[in-house]
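Chemist: Required output: the full structure, derived from the provided sequences and hints.
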Amino acid sequence: MALNRIAWRFTKELYTDSARFNQDVVAHQLAIYQKDNHWEPNTVVFAVPELQVQYMAWVKQPSDLLENETLIDEDKQVFEEEPEEEMHQVEILATLAANDGEKFTVLEFLMKAHNQQANKDLGDHIFFEGTDDTPQIINGLPTYFIACGS
Numbered sequence: 001m002a003l004n005r006i007a008w009r010f011t012k013e014l015y016t017d018s019a020r021f022n023q024d025v026v027a028h029q030l031a032i033y034q035k036d037n038h039w040e041p042n043t044v045v046f047a048v049p050e051l052q053v054q055y056m057a058w059v060k061q062p063s064d065l066l067e068n069e070t071l072i073d074e075d076k077q078v079f080e081e082e083p084e085e086e087m088h089q090v091e092i093l094a095t096l097a098a099n100d101g102e103k104f105t106v107l108e109f110l111m112k113a114h115n116q117q118a119n120k121d122l123g124d125h126i127f128f129e130g131t132d133d134t135p136q137i138i139n140g141l142p143t144y145f146i147a148c149g150s
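So in this note's numbering, spot 46 of the sequence shown is number 46, and the numbers just go up one at a time.
It is worth saying that the hints were derived from the structure and are not from the lab. From a predicted model like this one, the values you see are computed outputs, not experimental measurements. Worth double-checking, as some hints may not be accurate.
Claimed, not checked - Calculated lysine-lysine pairs in the PhoX-like style (CA-CA distance at most 20 Å, straight line):
(1) K120 to K12
(2) K60 to K76
(3) K12 to K60
Claimed, not checked - Quick list of simulated restraints, FRET-style, between CB atoms:
(4) A47 to N68: 14 to 22 Å
(5) M87 to A19: 32 to 40 Å
(6) H38 to I138: 23 to 31 Å
(7) E13 to A97: 18 to 26 Å
(8) E13 to E91: 22 to 30 Å
(9) E40 to P62: 31 to 39 Å
(10) Q77 to Q136: 31 to 39 Å
(11) R5 to E82: 17 to 25 Å
(12) D17 to F127: 19 to 27 Å
(13) Q89 to I32: 21 to 29 Å
No residue lacks a Cβ here, since even glycine has one placed at the ideal position from N, Cα and C.
Modeler: As structure tokens, then:
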């Protein structure tokens, strides 16, 4: 998996300052690995202007989805099919655009992936374990699955 040597814990905190996010990631690397040599924030990880991430989360209602998110086809009817359920485990596709319109650095990608999930319940799968090495093409965009563990 790509990025699988980066330690990170998804939380409810929404980051607006990439320098602060970078500091928090470095601190997490040091806490887990006692070193931060796997964290190279300015390395280009995806040389595309736009991509999708796919991840699993628990949501209550359609309004829990952000503007740039949709459910995978298999989950699109979950709210109608299981209205009695309080929480729905779903797979979400989120479209992300590179800040410079060309590429994603590791820092930009991880921060955007983190913020995308901040308003969701991830259950006990909150630890970033990487992404696919090779994307699937979904809706015409390279799509990377975000693997999370407990």
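Chemist: Now look at each hint and say whether the structure bears it out.
Modeler: Going through the hints against the structure:
1. With a C-alpha separation of about 8 Å, the suggested pairing of K120 with K12 holds against the 20 Å cut-off.
2. For the suggested pair K60 and K76, the alpha carbons sit about 14 Å apart, so the restraint of at most 20 Å is met.
3. With a C-alpha separation of about 16 Å, the suggested pairing of K12 with K60 holds against the 20 Å cut-off.
4. In this structure, A47 and N68 meet the distance hint of 14 to 22 Å, their C-beta atoms being roughly 21 Å apart.
5. At about 35 Å, the CB distance of M87 to A19 agrees with the hint of 32 to 40 Å.
6. Checked against the hint of 23 to 31 Å, the pair H38 and I138 passes, with Cβ atoms roughly 28 Å apart.
7. Between E13 and A97 the beta carbon distance is about 22 Å. The supplied range of 18 to 26 Å therefore holds.
8. Under the hint 22 to 30 Å, the C-beta atoms of E13 and E91, about 23 Å apart, fit the expected range.
9. Hint check: E40 to P62, Cβ distance near 38 Å, so the stated range 31 to 39 Å holds.
10. With their beta carbons about 22 Å apart, Q77 and Q136 fall outside the hinted range of 31 to 39 Å.
11. Evaluation of the 17 to 25 Å hint for R5 and E82 yields a failure: the beta carbon distance comes to about 38 Å.
12. The hinted range of 19 to 27 Å is satisfied by D17 and F127, whose Cβ atoms lie roughly 23 Å apart.
13. Between Q89 and I32 the Cβ separation comes to about 27 Å, which falls inside the hinted range of 21 to 29 Å.
Comparing the model with each earlier hint shows violations of hints 10 and 11; every other hint is respected.
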